[in-house]
Amino acid sequence: MTTRLFQKLRLRTRSLFERNRVEQELSDELRFHLEKQIERKIAEGVTPEAARYAALRELGGVAQIKEECRDMRKVNFIENFLQDVRYGLRQLRRSPGFTAVAVLTLALGIGANTAIFSLIDAVMLRMLPVKNPEQLVLLSYNKTKPVEGPTGSGYGNTSLSYLGFERLRQQHDVLSSIIGFVPLGFSPESVAVNIDGQPSLAGGEMVSGNYFTGLGVPAVLGRTLTEEDEDHAARVAVLSYGYWTRKFGRDPAALGKRIALGGQPYTIVGVAPPEFFGVEPGRAPDFWAPLADEPGLTPWGVQPDNGQSPFTAKKWWWLMIIGRLKPGVNQAQARAALDVWLRQSLTGDVGLSQAHAQAFRAQLDPAARGLDNLRAYFSQPLQILMALAGLVLLIACANVAALMLTRAQRRRREIAVRLALGASRGRLIRQLLTESLMLAAAGGALGMAFAGWGARVLLLLMSGSTSLPLDVRLNLSVVGFAASVSMLTGILFGLAPALGSTRLSLSPALKENSSGASQTGRPPRWRLGKSLVAAQVAFSLVLAAGAGLFVRTLMNLEHENLGFNAHGLLLFGVDPTQNGYKGARLVTLYDRLLDHIRSLPGVQGASLSAFALMSGWQNDGPIAVEGGQNKADQNPTVLWNIVGPDFLKTMGIRLLLGRGIGDHDTSASPRVAVVNEALARKFFGNLDPLGRSFTLGTTSFKLDDAYTIVGVAADAKFTGVRSEAPITAYIPFSQVGDLGMMHFEVRTAGEPTLLVSSVRRAVRDVDSNLALSEVKTQTQQIDEALLGERMFAQLSSFFGALALTLAAIGLYGTMTYTVGRRTNEIGIRVALGAKRSQILRMVLGEAFTLVLIGAALGLPVALAAGRLVATQLYGVKASDPLTFSAAIAMLLAVAGVAAYLPARRAARVDPMVALRYE
Amino acid sequence: MKPTDLVQGTLDLLILKTIALEPMHGWAIAQRIRQISKDVLQVNQGSLYPALHRLEQQGWIKAKWGESDNNRRAKYYSPTSAGLKYLEQEHSNWERLSAAIDLVLETS
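Order-wise, the sequence lines are chains A and B. For reference, each letter of the first sequence is one residue, going 1 to 918 in the numbering used here. For reference, each letter of the second sequence is one residue, going 1 to 108 in the numbering used here.
Hints were generated in silico from the structure; no laboratory data involved. Heads up, a few of these hints could be off.
Lysine to any residue pairs mimicking SDA-like chemistry, simulated, CA-CA at most 20 Å apart [said to hold, decoys possible]:
| # | chain 1 | residue 1 | chain 2 | residue 2 |
| --- | --- | --- | --- | --- |
| 1 | B | Lys62 | A | Glu25 |
| 2 | A | Lys530 | A | Arg410 |
| 3 | A | Lys41 | B | Ile33 |
| 4 | B | Lys64 | A | Glu18 |
| 5 | B | Lys62 | A | Arg722 |
| 6 | A | Lys835 | A | Gly845 |
Just so you know, these numbers come straight off a predicted model, no measurement behind them.
Construct the entire structure; sequences and hints are all you get.
Spelled out as structure tokens, the structure:
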């Protein structure tokens with residue numbers, strides 16, 4: 001058997017690599033046969049001439065037998081393929097213009113899709129680069145009834161009890177590798193770092209000792225953290241590869257170096273691998289430190305209200321936990337075991353009743369792709385973008401298909417000759433498809449280059465001031481995607497022309513003259529070419545209308561009245577709690593900083609607030625108003641901002657009644673507040689709100705006393721541009737118990753960024769250890785808030801323009817070709833007295849008919865697509881007539897330009913030349 | 001009478017049987033089959049060569065170039081050991097088939 005296999009292999013390789021010899025042998029063998037046969041006939045007494053003829057007839061067609069013998073070699077398809085490729089290359093080289101347009105068109109389409117796919121891959125599809133990611137689960141809880149639960153900090157239900165985590169680690173029945181981790185702040189840069197005397201900010205996480213070993217992530221330099229590190233609360237840190245690169249230039253000497261994290265000395269013991277960004281896509285820690293009760297580092301950067309340590313506060317939950325499901329344990333079993341564990345923490349630590357705790361259920365979510373915050377935020381926008389890009393690719397396909405069809409019409413004679421010479425139709429289709437696939441492959445390769453660049457641009461568009469830490473380099477799945485898309489497009493645009501152009505009746509095709517002009521009017525397959533143009537127009541309309549909607553959304557948002565003056569404002573954050581400032585000392589520090597900044601030249605005013613407006617951050621909670629009535633809302637909530645003196649004036653928020661918060665509102669003076677008009681209207685109607693008081697807070701979190709309303713401000717938007725101005729209260733920063741990080745607002749008449757260096761100096765003069773974070777202008781802050789909308793507007797405009805360009809090329813190509821084929825007919829018309837203008841109108845009319853048919857087909861699709869993205873729009877209806885008419889008008893304008901050139905050419909046809917054409 | 005067309009698949013069997021005795025080139029194989037069957041079986045020369053090439057590619061027969069009469073070079077085919085086994089198997093299959101057909105024809 002093995003010898004048989006060996007022989008087969010030997011013959012196959014011989015047929016492939018010694019093709020000439022094998023062919024020679026085949027010829028020799030058949031020639032020998034013929035000679036013997038002729039000899040024999042002659043011996044039987046036939047004349048040599050007749051013998052030869054008889055022998056040939058008995059054998060049959062030599063060429064056919066040879067081809068049959070070749071088929072037996074089983075490597076024929078490779079040979080044919082190589083032949084097709086060589087032939088295809090020659091054909092494509094013969095028409096470089098066509099090839100260039102087709103490849104470029106496809107490259108743009110494939111590139112756009114691949115770029116968006118590489119982001120989808122990074123955000124939504126890619127597994128964490130850890131060992132057996134599919135085993136990972138993220139723990140959280142949900143409630144079957146709306147009951148009050150534990151308080152704490154974090155993303156909500158994924159924040160679990162640290163004390164509970166200690167207990168869970170002792171159990172090993174359903175989970176293995178139980179890993180706890182917590183970011184050290186909400187913003188990407190929240191920990192004060194000091195490297196060689198240089199203060200800066202970084203993002204870090206505290207992790208249990210088994211974090212790296214449990215995930216199966218090794219160190220590329222030094223070591224990772226160990227359980228002993230956690231047990232002994234060792235002050236050691238593992239740096240991310242990116243941070244090591246940024247801060248130490250990948251110097252191995254960083255190992256063993258001491259740096260200050262949150263004011264405490266830590267030793268760098270290792271560096272994580274470059275592809276490891278932690279377990280939350282989009283949030284890449286700069287360092288990891290052992291999970292321990294440290295004075296400098298606080299989980300989420302937030303202390304429990306009662307002043308306790310987060311590590312001992314029983315009711316304050318903040319730790320995120322992931323683990324690996326043990327083999328043989330299913331979800332239901334694990335959930336049941338974790339329910340018991342969860343309720344134990346709820347009754348034992350939080351102090352809930354048994355019945356109350358029954359409303360809580362443990363939840364296990366697959367964490368193979370990490371935490372899904374980024375996914376939740378970007379998955380819909382990315383899907384919309386993918387759909388837009390898909391449409392562009394379809395247009396590109398239709399465009400190239402139309403080009404191929406035109407070309408195939410020109411090659412009718414060639415194809416007819418080959419069919420007549422005995423080539424099978426299947427063989428010719430294969431040949432034509434090979435050409436399409438070659439075009440697609442070239443387009444795909446070029447598209448991949450575009451994609452690498454496009455993905456980086458996209459990432460920039462998606463990132464705010466801090467770039468999203470996502471790895472969008474080409475990887476296997478992205479390359480695979482591009483390759484399959486290329487293949488698919490190759491078949492998509494190649495199949496119809498290949499089938500159409502090989503189905504022809506031979507004799508008229510052969511009779512055509514070399515220029516391809518036919519005597520029998522238009523070729524039958526020509527309807528396909530026109531439908532392709534109409535389809536392109538339809539898709540372009542969808543894209544153009546979509547772009548219009550997104551651009552108008554962005555414009556509406558940019559011109560939205562925010563209720564404050566965003567121009568000429570510089571923003572920055574300072575977190576002195578990182579440097580040990582607390583209570584009264586902190587208030588004094590903020591006052592001093594404010595004084596210093598106000599006295600800077602060019603500064604017209606300055607204030608500070610807990611949240612910068614339009615940053616997306618907010619604090620909300622229940623409000624109880626004395627003497628205020630609102631029957632409709634039994635549990636009213638309010639947004640509050642903790643602000644410094646002159647906040648309203650600095651921000652340019654109009655004061656309607658009473659006074660604003662000033663320097664004289666101190667911790668010693670009576671508690672006062674300013675509310676906005678919406679709040680006053682809601683609770684007091686037409687009554688005078690001044691002098692009334694209210695309290696804020698929940699049962700577990702109280703802002704101490706009642707605040708007396710001393711002023712009413714005009715409504716101003718708070719969290720974002722889209723939402724209506726919420727009911728808002730402004731509280732003096734000196735009058736709240738627990739103060740944390742604050743954001744400064746500095747107003748200037750000039751360009752705000754020019755103040756940055758003097759502001760930095762002013763802060764350093766007060767305390768050289770203070771680091772500034774999130775330094776930006778208020779307009780930049782708004783731009784960031786409109787990031788998604790801007791990305792949509794820019795990308796959809798780009799895709800729309802691309803689509804229109806492609807459609808224009810398609811229309812131009814098709815009309816040029818039609819005019820070329822009808823030169824004869826047009827010549828006759830002119831000879832019979834048709835005016836040039838009539839000819840012009842005829843051709844233009846034909847083009848516009850195509851465009852209008854396409855637009856009629858595209859309009860319902862565009863309307864339906866508009867409804868799909870309605871949630872992304874602002875201030876414009878999904879069926880906005882103005883946008884849609886503008887899109888159609890633009891389409892007609894582009895079509896006019898594209899059709900005018902061929903129409904003019906038609907009008908200039910010289911009847912004498914045209915009639916002599918044959 | 002027109003020479004009987006070969007039943008599909010029996011050509012392989014005939015070729016293998018013919019060259020089992022000694023290596024032969026294509027023309028001789030066709031002649032031999034015709035002689036032995038007393039002109040009843042006439043191999044269609046057009047299908048002989050593809051069949052030979054197929055059997056070779058499948059590893060049932062092997063080929064060697066050798067001297068023919070008048071010092072001409074010809075391609076000689078002979079069965080491989082696997083081919084001989086295949087012949088045996090096909091032969092018994094054929095016997096079973098023809099016996100069965102005989103049986104049906106005689107009884108009905």
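So, going through the hints one by one against the coordinates:
With a CA separation close to 14 Å, the supplied pair Lys62 of chain B and Glu25 of chain A stays within the 20 Å bound. With a C-alpha separation of about 16 Å, the suggested pairing of Lys530 of chain A with Arg410 of chain A holds against the 20 Å cut-off. The hinted pair formed by Lys41 of chain A and Ile33 of chain B meets the criterion: a straight-line CA distance of about 18 Å does not exceed 20 Å. At most 20 Å may separate the alpha-carbon atoms for a hinted pair to count; Lys64 of chain B and Glu18 of chain A meet this at roughly 16 Å.
A distance of roughly 81 Å separates the Cα atoms of Lys62 of chain B and Arg722 of chain A; the hinted pair therefore is violated under the 20 Å criterion. For the suggested pair Lys835 of chain A and Gly845 of chain A, the alpha carbons sit about 15 Å apart, so the restraint of at most 20 Å is met.
Of the hints listed earlier, the one the structure fails to meet is number 5.
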